[in-house]
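Residue numbering for the sequence shown follows the numbering used here, beginning at 1412 and increasing consecutively.
Quick caveat, the hints were computed from the structure, so don't treat them as lab data.
C-beta atoms are modelled at their ideal positions from N, C-alpha and C, and glycine is treated no differently.
Do not take every clue at face value.
[As the list claims (entries may be wrong)] Below, simulated DSS-like cross-link-like pairs (lysine-lysine); rule was C-alpha separation at most 27 Å, straight line:
id	residue 1	residue 2
1	1551	1624
2	1519	1484
3	1624	1542
4	1535	1484
5	1624	1565
6	1484	1507
7	1672	1624
8	1565	1535
9	1672	1565
10	1624	1519
11	1565	1551
12	1542	1565
13	1739	1672
14	1507	1535
[To be verified] Label pairs and their in silico Cβ distance ranges:
id	residue 1	residue 2	range
15	1589	1796	22 to 32 Å
16	1728	1599	34 to 44 Å
17	1536	1567	45 to 55 Å
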Amino acid sequence: MNTNTLSDQLVIQWNELLTRVAELLDVPVALIMKLNGPHLSVFNKSLNDENPYEVGDSECWESSGLYCETVIKTERELFVPNALADPIWDHNPDIKLNMIAYLGLPIKNVDDSVFGTVCVLDSKENTFGTKARAMLSSLKHLFELQLRMLSQQKEHDHKEAFKEQALMTMGLAHELNTPLGVSVTSASMLSESAEQLSGLLQQHPVPFAEVQKQAACIQQAADLLSRNLHHIDDKIDRLKQSIVQGHDGVTRVCRITDVFKSLDSVWESSLAMHNVVLNIDVEQSADVLLYLKPASLIEALNHLITNAVEHAFCGVERPTITIVVKVKQAELKLRFSDNGVGVELAHPEDIFAPFYSTKKQVAGSGLGLAHVKRIAMNDLGGTVYVNCNQSGLGIMLRFPVTYAQPESIED
């Protein structure tokens, strides 16, 4: 399996490690080269001033004459102490950069294919003794170990994603089962009442009392069918919205206030229909430009609001949802609360389990709060937990953020 991406933090760490290696071996260049189909590119580099290569530099490697081409094709170590004195190497492209000495090893993926090379180069003749070879071999095995770890993590993530998809399907079936059942029953009632009404209208004289009774039954069944079909449509729409947002986990520069303006506009009519008031309080500390994943944050808030509207406010006179946001020490803290019926909190963490329910409130009877936990931990890199209220339910969402300068915004 080819690993095409590594985390930014890992790339930075490897750049620093290669810099130390170049210093210890007293050479100007230490590189990790990555194979990308027909191209070979600089993936990591030592950060010393003498290094003429730049991360991202790329060229076709086949028949290029590059040192690394031979390492890739033979999958073995290549040692060139002085290319200028070697007729095989005295015309290779790296001589233009004054790199005349080379020591390189292949780096293998977990499937034994070639990821690229790890190499050191020198602008003077260099015999690369035992210490250099041992250090380069250690770098090779360390990088391959990290590739294996990343591959295992990716496989784990795929399994989790499959598990989550299965739970989502179960959750959708669970949440649509009742309105679908009511809709089927209502349609059956409509059909039966319409048939009876048709028979009554053919009688002479027409029994108007019975006609009115069947007409009322048709009206009730039609209203019931309409409400439940709208309920189904709303759930499917929110599912589609979650899927779209789940594929847009892109970090952008934005303001929290703009995120909540978008959220408010989406929910305005629906909350008004349920007579729910949404209060949003963005403290001054959070009204700044930040690097965020707004789609992920909005998706989490959509699940929280949906959960509150569907389960929290039975019998509550003035249903209210309050969201308070602040940023402190590069961490965004969001408190979501409602004044609803609340939940029993013997084991608060259970509320984020799929299909969680209580006697007081059927909170999370689907996957809403389970999704909130997934988004908080996986997409936003933070935490989520229950914050006890005297009444209602409080959820705390915390995740790290990075401040952005105004000029980071693209016009």
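The hints, checked one at a time:
1. 1551 / 1624: 84 Å, violated
2. 1519 / 1484: OK: residue 1519 and residue 1484 at ~12 Å, within 27 Å.
3. 1624 / 1542: Violated. Residue 1624 to residue 1542 sits at ~97 Å, over the 27 Å cutoff.
4. 1535 / 1484: 26 Å, holds
5. 1624 / 1565: With Cα atoms ~63 Å apart, residue 1624 and residue 1565 exceed 27 Å; violated.
6. 1484 / 1507: 23 Å, holds
7. 1672 / 1624: At roughly 49 Å apart (the allowed maximum being 27 Å), residue 1624 and residue 1672 break the hint.
8. 1565 / 1535: 42 Å, violated
9. 1672 / 1565: It is violated: about 35 Å lies between the C-alpha atoms, which goes past 27 Å.
10. 1624 / 1519: Violated, because 79 Å separates the two Cα atoms, which is more than 27 Å.
11. 1565 / 1551: Cα-Cα ~21 Å, so holds.
12. 1542 / 1565: 35 Å, violated
13. 1739 / 1672: 22 Å, holds
14. 1507 / 1535: 13 Å, holds
15. 1589 / 1796: 22 to 32 Å: 30 Å, holds
16. 1728 / 1599: 34 to 44 Å: The hint (34 to 44 Å, Cβ to Cβ) holds, given that residue 1728 and residue 1599 are roughly 37 Å apart.
17. 1536 / 1567: 45 to 55 Å: 48 Å, holds
Of the numbered hints listed earlier, those contradicted by the structure are 1, 3, 5, 7, 8, 9, 10, 12.
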